[in-house]
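2 protein chains.
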Amino acid sequence: MNSLLALLLVALTVNVNAVDLLEATERNCSLSPPYLPSTAVNSSLQLQELREQMLSSNLLAYIIPGTDAHLSEYISPRDARLAFMTGFTGSAGTAVVTPGKAVLWTDSRYWVQAERQLDCNWDLQKDVYISSIAEWLISEVPQGGQIGFDPFLFSLKTQEDYKMSLESSNRSLMSMPGNLVDRVWKDRPAISPESLIRLPDRVIQRSWQAKVKEIRNQMKDNPYKPTALLLSALDETAWLFNMRGNDIPYNPFFYSYTLLTMDEIWLFLHKERVTEELEVYLNASCTGPFCVQLKSYDVILDDLKEYVNSRPGIKVWIGVEYTNYALYEVIKTEDKFTTSSYSPVMITKAVKDDTEQRILRDAHLRDAVAVIQLLMWLEKVVPEGKETELSASAYVNHCRSKQNDNKGPSFETISASGPNAALAHYSPTAETNRKLTVDEMYLVDSGGQYLDGTTDITRTVHWGTPTALQKEAFTRVLIGNIEISRTVFPSGTRGVNMEMLGRRALWEVGLNYGHGTGHGVGNYFGVHEWPVGFQGNNIPFREGMFTSIEPGYYKESDFGIRIEDIAVVVPFQTKYGHNYLTFDTVSMVPYDRKLIDTSLLSPAQLQWLNKYYETIRKLMGPELDRQGLNEEKIWMLKHTEPFADSGSSSSVSPSSLTLAILAMLYSFAL
Amino acid sequence: MNSLLALLLVALTVNVNAVDLLEATERNCSLSPPYLPSTAVNSSLQLQELREQMLSSNLLAYIIPGTDAHLSEYISPRDARLAFMTGFTGSAGTAVVTPGKAVLWTDSRYWVQAERQLDCNWDLQKDVYISSIAEWLISEVPQGGQIGFDPFLFSLKTQEDYKMSLESSNRSLMSMPGNLVDRVWKDRPAISPESLIRLPDRVIQRSWQAKVKEIRNQMKDNPYKPTALLLSALDETAWLFNMRGNDIPYNPFFYSYTLLTMDEIWLFLHKERVTEELEVYLNASCTGPFCVQLKSYDVILDDLKEYVNSRPGIKVWIGVEYTNYALYEVIKTEDKFTTSSYSPVMITKAVKDDTEQRILRDAHLRDAVAVIQLLMWLEKVVPEGKETELSASAYVNHCRSKQNDNKGPSFETISASGPNAALAHYSPTAETNRKLTVDEMYLVDSGGQYLDGTTDITRTVHWGTPTALQKEAFTRVLIGNIEISRTVFPSGTRGVNMEMLGRRALWEVGLNYGHGTGHGVGNYFGVHEWPVGFQGNNIPFREGMFTSIEPGYYKESDFGIRIEDIAVVVPFQTKYGHNYLTFDTVSMVPYDRKLIDTSLLSPAQLQWLNKYYETIRKLMGPELDRQGLNEEKIWMLKHTEPFADSGSSSSVSPSSLTLAILAMLYSFAL
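Protein chains in written order, with the numbering used here: chain A, 1 to 670; chain B, 1 to 670.
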């Protein structure tokens, strides 16, 4: 917050009634004494201790990123250093501490959350550009001062960006292995002792040996002739060996690195978590080209150094986006080989094989049952006035848990009513929990982990009468979803060059949203499986990739809308050309029809919507039958009635009897 | 060409009649002896001499870029080293010569042209990625070998890309001032002796002093506190001082650099070309903050070195995209300051001030008169069968020359009939010149330089009966143009994120085009004025920027379609939001209505088209009146009849009398 704004806030708040202040959910550091909500975390002690560490290391600033040594988006509690230091638990942010100041940088999704969780030791900076952080460092750290960072928590790109921004400023950027936060974090959580697992054969097409062969072939074909491939991202190693763990909440990953050469495989992990059965599976008792040599997670740096130094002519292939700077540093320049951005495992993993496609589609059918159950239940119980964001969240988790092969939610459910939904990534807590009513819009963004797939879906509903703006905004968000979904594009088109289709109908009336438009998903993997998606650093779309499509609109302190589906990239037969693709939506839950103003839809958009609803009926009818869920089936049929071609929003509501007959017909016919 | 393809071509061509071969326009190096068209250039002598130079410099490869020391897109004949060495005259390409091989890399626009101009000393590589060139270098140059380049012809980014790609390969990249091609180029053209000019006051809003002040303010506000700004691109210096020259055909630039500090201005140019009047204008006889110290063009490297070395605490601000590596090299790391991509002059220049906007719009009105005259004339004379691509090109140049303030064409006119138009950037020559007939489509891409503005417009017409594919493709290209033009977007949206709107209607049926979708234009400046446009490295759109919008479609050996208009970014008042923009087309020439299938247009697209035609009538009616061009006005009115709302392509053709009356009405009413 800049000082002029702070002054204005003081001027505005001096007359405010004390009762109002007591109820405010956000901190107000311009009052004296400052106002802190109950959600704020006292950070004084850890700051003091960190500053002592900085002093003894001769640092005038210390950078604390929000990631782990694998540059993961979601992290284990033991890596939540940013949250430990600041109180802020959002999934993106960077903190910097100097002797006199402490600042957090985060993006618009998290500004309100930060104001609720930070105490007044911390300033909030509302962007996430390294150039801004560097600018701030230059203004705060005197010339000649040292700025420290943990090289395990920086990607090569992050380090380069800081270096580039700071290099001519006469401040030195110090790579300091041995994290300073860890030194003051007394009750830092330990590593999970649970055994790792291998995926069952029924969800696998390619054995780990087949994958190793495939990747080695790519190494062979590479003109730079790499002798080794270093895998740092957690899903790279998990994918290669068809293994899973539980080190990160909601993400079935385990701490690991892999160094793959043409004739050896070194797998770095916590060896005590490898069962005898797994050792056999990995062929771990030999050293040949298809034997996995198990090594301790902690020796990666030493072993990599030894590999690099003891052998002549080696060349290590790394993907710069997911390799931390500590590993990069130990490989000497002439031996290093930096590929564009991602390792060949990342690129190969992005395209799902036939089995992965089939089972991921299937997981979405079962997942849709749970979401349909939630929406049907809410429609019934919300008017009774007893349900809340938290109870809805618990309900959908419960529904998912009853589905085959469910392994829990794939992320913390976003269950948000009214103004809470205006925070795009809000999750309810006891303090913020809101009652669900017919007077507010409700947004639920949730997903499940299944042995065969990971799901992620958002629906926004209204149980009463939406305002004209709510209906218009919802319809324009839906148009965005439809426009991306139905677009035809040449294979290899980048998502970032198409994502404006998700925004265009909103832009037309001056609306927009402040987050990305989609991300890859995996097979029992991270719910954000990069590098597939619509961001600038995502790779071009190819047949067989899965991505979310999720435009939205958020009106501060009022309501939030997001419509999110998962779609798979499929071939499209065009009139004249070859190698064209489009999306096929695999999420199978209807939208709230009372929020759709069909007069805003073009004929092509309406046709897409009706065809999608027809597909839901065709696929979910038999699935709901199989699970014996007749009430759900009637609900599904009612909500997938085709829309009339006219401009008016359909309010056709066939009698329950008709629906029951329809339900029967769908059981037999399909 | 890879060897498998070469073999296939041999297999395919052995039975070809010798007469066919004699008529072939492209070389065939797989025959023995090789077949060369008359357009091919014998490069044996210059290659032999260059290789001698390489040998004495101990180089195993030499890289020859197509640019000059200012990284210009269009270059002076004296900088056409690539053309001298290879014979290839396209505007983009890189050549590499080794002791045994010679290879040219260029993009799809130029593949056919290259096959016509290269002899069989040269291989053609069909892409332009530095990574591909580096890959080739690694495969051809043995380990330990030296690869040379002229640092004046590499941008920092180019040098970094080569370095990154080669760094772990054990081949060294040698920066070698003193160009090897120049040493063997005996009749290299000299520098133009013509005096430079200043722009007249009537086309200027900001004096050079005002611009210097504006840029110094940006230097002051910059957190990195630069002490100097180095301007390397030719249009940067020309813009700053409101000066022009004639060193590059079609581009009114002059060789120059500027070093701007807070209290001095160093202008590097050929001093003998500065008149006494200009010296007064530039205040060249003093050394204060608003005195321009004239220095010889050739001492830039020495003077920059001296500035950097003789003063403590200096920091030079450079835009990395347009600063050559030779200059970058002499600035020491701790003194260097690299901004993101472009200098503040580039960014400031991109937004036209009120005067620039007004006069650039006005230049487009006069320019439209010339294009209307061409199209009207062709409609009349082509059926007589005597006109050719070259005569049409001469005609439009002549029409432009009659317009006020015209300074000649802004680039070599692309006048292309039938299959010639399938080469997106073809210009006719005596050898390739084609007769214009009612049986072929015709594409004309041309532009003018005017003291007040630079224009660039493409129209595609058919004087007979187009095929169904021609009509469909034309309409879909037009839809692309309309969709970009009418889209509403938040200020700061990047062109690259919207340009798919220009392709989407084509993609739908499997068609596409292989070039960019638009580029900035200036006020009596380069016809491609970067960094405005729709490419990945272009800056976000802001109010007051001008860009071309130019989707196309090219059917090899058959026909080519491109529709290009210039549009200015203007504010758009949306229902809910602020700071939204859209495009306002300033090119004022109707499209060939017989090629438009209105049944493919949405109501919104048809509405845009009719509104555009209404604007043409409103603005061109008075302009044609002013010039006393009544026949042209009747032609314009006939071709801007509103399209009916129905699906059928309008073929309404009002009688000449009605049009004459309409013409009169437009004279008085508007």
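Worth flagging that the hints you see were computed from the coordinates, not collected in a lab. Treat the hints with caution; some may be incorrect.
Short, incomplete list of chain A residues facing chain B, as computed with Cβ under 10 angstroms [what the hints assert, rightly or not]: (1) S57; (2) P65; (3) M219; (4) A473.
Listed next, with one range per pair, are the computed distances between beta-carbon atoms [said to hold, decoys possible]: (5) B:Y576 - A:V320: 50 to 60 angstroms; (6) B:Q627 - A:Q607: 48 to 58 angstroms; (7) A:L31 - B:D201: 51 to 61 angstroms; (8) A:S108 - B:V320: 45 to 55 angstroms; (9) A:D354 - B:L45: 56 to 66 angstroms; (10) A:V570 - B:I191: 29 to 39 angstroms; (11) B:L45 - A:K225: 34 to 44 angstroms; (12) A:Q48 - B:V320: 52 to 62 angstroms; (13) B:Y576 - A:S108: 56 to 66 angstroms; (14) B:Q627 - A:V128: 50 to 60 angstroms; (15) A:L31 - B:Y576: 32 to 42 angstroms.
Idealized CB from N, CA, C, for every residue including glycine.
Here is what the structure says about each hint:
no.: 1; hint: S57; result: violated, 24 angstroms
no.: 2; hint: P65; result: violated, 22 angstroms
no.: 3; hint: M219; result: violated, 14 angstroms
no.: 4; hint: A473; result: holds, 9 angstroms
no.: 5; hint: B:Y576 - A:V320: 50 to 60 angstroms; result: violated, 41 angstroms
no.: 6; hint: B:Q627 - A:Q607: 48 to 58 angstroms; result: holds, 50 angstroms
no.: 7; hint: A:L31 - B:D201: 51 to 61 angstroms; result: holds, 57 angstroms
no.: 8; hint: A:S108 - B:V320: 45 to 55 angstroms; result: violated, 29 angstroms
no.: 9; hint: A:D354 - B:L45: 56 to 66 angstroms; result: holds, 58 angstroms
no.: 10; hint: A:V570 - B:I191: 29 to 39 angstroms; result: violated, 59 angstroms
no.: 11; hint: B:L45 - A:K225: 34 to 44 angstroms; result: holds, 37 angstroms
no.: 12; hint: A:Q48 - B:V320: 52 to 62 angstroms; result: violated, 42 angstroms
no.: 13; hint: B:Y576 - A:S108: 56 to 66 angstroms; result: violated, 18 angstroms
no.: 14; hint: B:Q627 - A:V128: 50 to 60 angstroms; result: holds, 56 angstroms
no.: 15; hint: A:L31 - B:Y576: 32 to 42 angstroms; result: holds, 34 angstroms
Violated hints, listed in ascending order, are 1, 2, 3, 5, 8, 10, 12 and 13; each of the other numbered hints is respected by the structure.
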